[in-house]
Amino acid sequence: DTGVSQDPRHKITKRGQNVTFRCDPISEHNRLYWYRQTLGQGPEFLTYFQNEAQLEKSRLLSDRFSAERPKGSFSTLEIQRTEQGDSAMYLCASSFASVNNEQFFGPGTRLTVL
Amino acid sequence: AQTVTQSQPEMSVQEAETVTLSCTYDTSESDYYLFWYKQPPSRQMILVIRQEAYKQQNATENRFSVNFQKAAKSFSLKISDSQLGDAAMYFCAYRSRDYKLSFGAGTTVTVRA
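Chains R and P, in that order, give the protein sequences. Mapping of the first sequence onto the numbering used here: position 80 corresponds to residue 75, and the numbering continues sequentially without gaps. Mapping of the second sequence onto the numbering used here: position 28 corresponds to residue 33, and the numbering continues sequentially without gaps.
Chain P on its own, in the form it takes in the complex (with noise of 0.2 Å):
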């Protein structure tokens, strides 16, 4: 089974400043897909950004960016510009063919106006 390890529990950003939250994961696979999901309080859990094993280039959505190293099993998810609405849980996930998500533990991300 893979594991998806998230050692931050909480972050703590200011308001238009960058943060990063870390992600590593354990697998033997060559061909999977890594994603970020956001999961604010009390409310559903959105994707935020995905990429894909094979791609090389590390995927970006507007503020939000991945530095995937896939030889170290990484995948961080930078937040730039942080906004007040960026404040939740960050959850990195972990998808093989089979379709299933495995989570990490989450990181909390506060933003302080």
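Isolated chain R, as found in the complex (with noise of 0.2 Å):
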């Protein structure tokens, strides 16, 4: 295990249609994050995890998002019906439960919707 992996890391997909991302993280990390990144911005904090506990989902974009992480391990975004404007780059980053951890970031999994 060399760092945070995600699946798949391309989609296409056609506008209504749902679609469902996958994040490992690193195996000894509690925490995991979702983030969202259009084209020229920075990230975009969405959700996040401990152990298999939601902590926050205010800030996921619409009731067409959701995230779990049934065994405190994988996680996954689902994004339903979705719309041209959610065409974007989908991170996930892992780490620590401590004051002091670093969030380590995943390839990413890019998203077009036609």
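Not one of these hints is a red herring.
Restraint-style ranges between C-beta atoms, simulated for each label pair:
#1 P/D86 - R/Q79: 39 to 47 Å
#2 P/K78 - R/G80: 29 to 37 Å
#3 R/E23 - P/R117: 35 to 43 Å
Keeping only pairs whose Cα atoms sit at most 20 Å apart, straight-line, the calculated EDC-like set for lysine to aspartate or glutamate is:
#4 R/K6 - R/D19
#5 P/K60 - R/E97
#6 R/K9 - R/D58
#7 P/K60 - P/E34
#8 R/K52 - P/D103
#9 R/K6 - R/E78
For the record, the hints were derived by calculation from the structure and aren't laboratory data. What you are looking at is a predicted structure, and each value in this text was computed from that prediction instead of being measured. By construction, the Cβ of each residue, glycine as well, lies at the ideal position given by its N, Cα and C atoms.
Two chains, two frames, some hints: make the complex.
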């Protein structure tokens, strides 16, 4: 395990379809974060987990977005009824739950909604 | 909510020269962390340097150093002896105790050979 992995790396879908992305954090990390990055901008926080508990989800962009981390290991981010405005890079990061934690980022999933 | 502002969309530097990237932030908190992340084209984001707000000494990591001015809420990054591999998008980020990172819009650094 050399880092955070995300699957798929690229996803092209048609408007109205549902998509699901997976993130596998560094195995010892108990915190997992999701961010969204649109072209030319910095990442924007969406939600995060400590173990299997979702500690904040108020930043999820709409009720079409949901995330899970069922066993405190990998996480999934689902977008229902995709819209063209959902096209972006979706980044996952993980860390230890300590004050001095560093968040390690995965390579991201690039979503294109046609 | 905290806001992070990077006012330089692009910076260009000659190889072996020095470049300074600007970052300002807005917060009412006294305990927080500041970061500079590097995102090379089509590659994942990596941490360059971090600064704890309670530390007065500026952080340094090899050729990278920061100028942290807490009262002015300023956090600039200096890259010395620039190398071709430094070409990337650089993001300034703020983190409070709630662990969420707030990022600036980024600065694209180009290194001229």
